[in-house]
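Peer 1: So the chains spell out like this:
Protein chains: 2
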Amino acid sequence: MTYVQHHKLPDQITIAEYICYRLKQLNIKTIFGLPGEFNMPLLDKIYEIDGMRWAGNANELNAAYAADGYSRIKWLGCLITTFGVGELSVLNGVAGSYAEHVGILHIIGMPPTSAQTKQLLLHHTLGNGDYNVFYRMGSDIACHSRILNDSEFCYSHVDKCIEMAWNEQRPVYLGIPVNRIQMVVSSSHLNRPLNLNTLRYPNDSNSLTDLKLPKELDMKYDELIDNILKKIYLSEKPVIVIDAGIIRHHITKMAEDFIKLTKFPSFVTPMGKGSVNENLPNFDGVFAGSLSRPNVKELVDNSDCVIVLGCLLPEFNTTTFHFGYRAKTKNKIFIYPKSVKMKNITYPDTKIEIVLEKLLLKYDSKKVLRTFSHIDTINVPRQTLSDNQLLKQEWVWHEFSKWFKPEDIIVTEVGSSAFGITQIKFPPRTLSISQPLWGSSGFSIGACLGVLFAANELKKESSCNRYENSSIEESTNLKSLQDRRIILFVGDGAFQISMQEISTMIRWNLTPYIFLLNNAGFSVDRFINKKSNSSKFDVQPWKYLDVFNIFGATNYETRKIVTLGDLREVLSDEDFNIANKIRLVEIILPSTDVPPALLEKWISERA
Amino acid sequence: MTYVQHHKLPDQITIAEYICYRLKQLNIKTIFGLPGEFNMPLLDKIYEIDGMRWAGNANELNAAYAADGYSRIKWLGCLITTFGVGELSVLNGVAGSYAEHVGILHIIGMPPTSAQTKQLLLHHTLGNGDYNVFYRMGSDIACHSRILNDSEFCYSHVDKCIEMAWNEQRPVYLGIPVNRIQMVVSSSHLNRPLNLNTLRYPNDSNSLTDLKLPKELDMKYDELIDNILKKIYLSEKPVIVIDAGIIRHHITKMAEDFIKLTKFPSFVTPMGKGSVNENLPNFDGVFAGSLSRPNVKELVDNSDCVIVLGCLLPEFNTTTFHFGYRAKTKNKIFIYPKSVKMKNITYPDTKIEIVLEKLLLKYDSKKVLRTFSHIDTINVPRQTLSDNQLLKQEWVWHEFSKWFKPEDIIVTEVGSSAFGITQIKFPPRTLSISQPLWGSSGFSIGACLGVLFAANELKKESSCNRYENSSIEESTNLKSLQDRRIILFVGDGAFQISMQEISTMIRWNLTPYIFLLNNAGFSVDRFINKKSNSSKFDVQPWKYLDVFNIFGATNYETRKIVTLGDLREVLSDEDFNIANKIRLVEIILPSTDVPPALLEKWISERA
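As given, the protein sequences belong to chains A and B, one line each in that order. Per our numbering, numbering of the first sequence is gapless, rising by one per residue and ending at 632. Per our numbering, numbering of the second sequence is gapless, rising by one per residue and ending at 632.
By construction, these hints were calculated from the structure, which means they are not laboratory data. Bear in mind that the values here come from a model prediction, so they are computed numbers and not experimental data. This list has only true hints and no planted wrong ones.
Copies of the same chain look alike in the list, so a pair counts if it fits in one copy or across any two.
In the BS3-like style, the derived pairs of lysine-lysine whose C-alpha atoms are separated by at most 25 Å in a straight line are:
hint : residue 1 : residue 2
1    : K366      : K245
2    : K568      : K417
3    : K568      : K585
4    : K363      : K353
5    : K568      : K606
The whole structure should be built from the sequences, with the hints applied where relevant.
Peer 2: Shown next, in the form of structure tokens:
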């Protein structure tokens, strides 16, 4: 039975409906954004299709962050804005998705074609008749862009946009003139499966499949793999660094197998954190360039074979940058999603899934008989602390490291939280959502909303078995994601930037734990710029715990934490540990205190 | 005595100081934005210079709106952002300034030059080594853009940026690599007066000056003026429409003189509202294209000579658009800031100041002996209403029309407020701040903050006579601006988008009147899309009156208004009428009620 038959769809549907059904096939069921003059007929369609929902965000940039957070769980986020005012409001969020390789379908409701061709003056234009300026700007941060104008092939343009966003894990710009939303297409096109790389390389395959590559190509891969293995077998101090490409390309399972197989000391980058089981005996923590803990830095910088798996960022030879690898060029192997770089030679047009699969097949552990020393990655305070101590960043993260449990999804803001979280060893199957490269303040609240929607859907999907596409189900390993706790760490400065999105969480009865680290402003900035007049890092003191009440919450809990004892008490409270209501915990911290990662760097620089 | 001598400046100053002193010379004393990685050394300088202040906004887009609002009072707003995350967050606000002709100096703190030339990977980049992408995007909505790289001429680049923003009344993009902020320049350049058009054509000149144009140019103008006057003298039903170019080019006084001299029925566009005295006997209200009141529309559409003064927007021949003029082409005279269009002929390279000055000189009222009928523009409810009536938009605006007083500055949000305010006749010297063309929801709260800073400065400047540049003082007519009431009208949907900026008002002890029109969502959108599922126009119900308390306000007043009697009572309360604290008045309105302007259009369309 075809998809159309199974769902009893009419022969002809509008392009708006077509988009919604395509998203629904991928289990993308929440769409983010605000209503606007040119997107309203599109929003109407969402309400008409069973199972789809319109989030109705409070703020547009927050909506973009939410689509990003949602996509990091479900591999695609959909954001609808309106021409001009709407699409420009989200650019910073979409640029973040571009930088961090997150798949976003950004749909823009545009003025009617007639207005555009006649250059009529409309609201939300620059007043100069230029209808292309926003498209140009949006295309600069999209892997693909398209305006739907012709009715004959519009369905295939939509398919292409969705496939690009999913496969490239980047934003796509899809403009739809408001008069085109009713264009009719044959629903039969929905019967063609989308061409998604996930389906070719399922993440949770338990056995290595026959690759069946054309012979010439196969030999090319074999030659490359031989080179990589030769380098590895000759090395004395190999290390593995896992970057976020492993998550985005759905091969965390294979990466973990490689770590287990080789037993090399293994690290994650800040962007890759949460992608592999941190309880493996050879998992040694986070490598963050010059901001790494000194023993991590030493191990990676002095390695004679650094294997970077799922590298998302081009290599830059810098000794100062946070993400930089200081090991000698001849000692580095970068395995990018679509290429490999080794000893200054780039091997283009490779697929990371195949490289990794072949590495696993061909690696001969008998050729590496050494054992490797490992680092104790748990961050234990130097002395035993009493309950009546005022809090410090270091102790806070230590307490949380004991509180996290398997399956938690932890969302962290730029600043103190992002630095702090890298020092914690996660329980198995913990997911981490943060934005370490793009680093936009205020990201975490919006992203957390998106994660909440995604987790909420996964729970429902799992319980009522309503998957539309069983191969998606298998590949995304959704079952393990149900019923997770969603935990947000955000500073007071970032909270003030995007706090209205908490109202959307309340509106949908979502139940995150929100830990607000209140250090009276932007403390990391204050710390980095010690000589600055510090008042510019201050923020207005708010009564943070009252915001739930203002936003109309009825079932909620708030706490204020001043001492270590307060924190221990709340984290061990049984009721508190049931994620059945939205919670806000304000943690009071000294304004000049920063996480140990930064402190250690500062001390070593002084030395 | 030179400026440098007078202010006892050292011979050499940094380019950061140079920028601050240039702004101070123009009485631009508040700078908007948030701290970020690459702008911090720049912010430090602001704190070092006496009289300059850093607003410290809560949210970046709101900071852009604030710079816009500030500029609409003081002719230039300065906004500082950081590379990538910061500059992209403000694009929608800056695009609004571009569309509505508002002068903005947008300074972007960029990564150090060394990182850019080596394409090092840094925070806030797209991760692909492209450092120009944000510059390209920003330049698309700027009248001028520049990155400061050479030390020899950097001061002249700064001058050029400021002159362009001021004279063109558009945004300028000025990028400064963080390592260039300490570049040293000779302070003597500050002695050269900036080349500003305001100073050539002071707004409040009481007599027409000798123009002393080159003879050929003078003849060209004379020929044009003769053509215009011939058309006017031959017409039977001439009307004047005043657009915002009159405000932006500082010639409101001349425009008003022309209205008085001709006695033609005169209107303002929504963008031009507040630019001329609405109590002149021949002021006949707001012309807003198809959204005008029927009697206004009839008068303008059927005129045989529509004179549009200070037209900011190109003409578009549309019968449906809000800003469209339906009169026949041969009957329209568009006087743009830099050209005149009449009978399909464009006269380029004219200056509106000269055109208007010559029109005033040459107009012969004896040649126009007809009298003109006028419209009663006051909007009186059809029946006498009792105090216990629940409120409707129409009645609300009627009550406010009696409450406004001379010198008020009224800031209105897109949506109900913007439609409502056009129906009110302003007292003399009322200023109106709104964004009718760009129309970005949430604009008004940020803009109001900027207006508050500007008005606060004008008051101080006036009382301690601290003008640095006396010709600026004369030309901007600042004295009349002191001690004004700042009144904001905002809907609940827009309030949720940018409410955190109220915290910045509280932080600086600013004292606006905030009238929150609570109609449970986006009512104008709900009205325009009657057939839509209306839930997408809903917003989460908030306890709005509690936000002052959350934001740490101590000296404030809040009121909830349900009946007409409530509104009458608060508006007539003597204490309430002293603007000595921040006030929030929540006005409860039916969710499907819209201002009369929209209602009338709807009724006429049904007929």
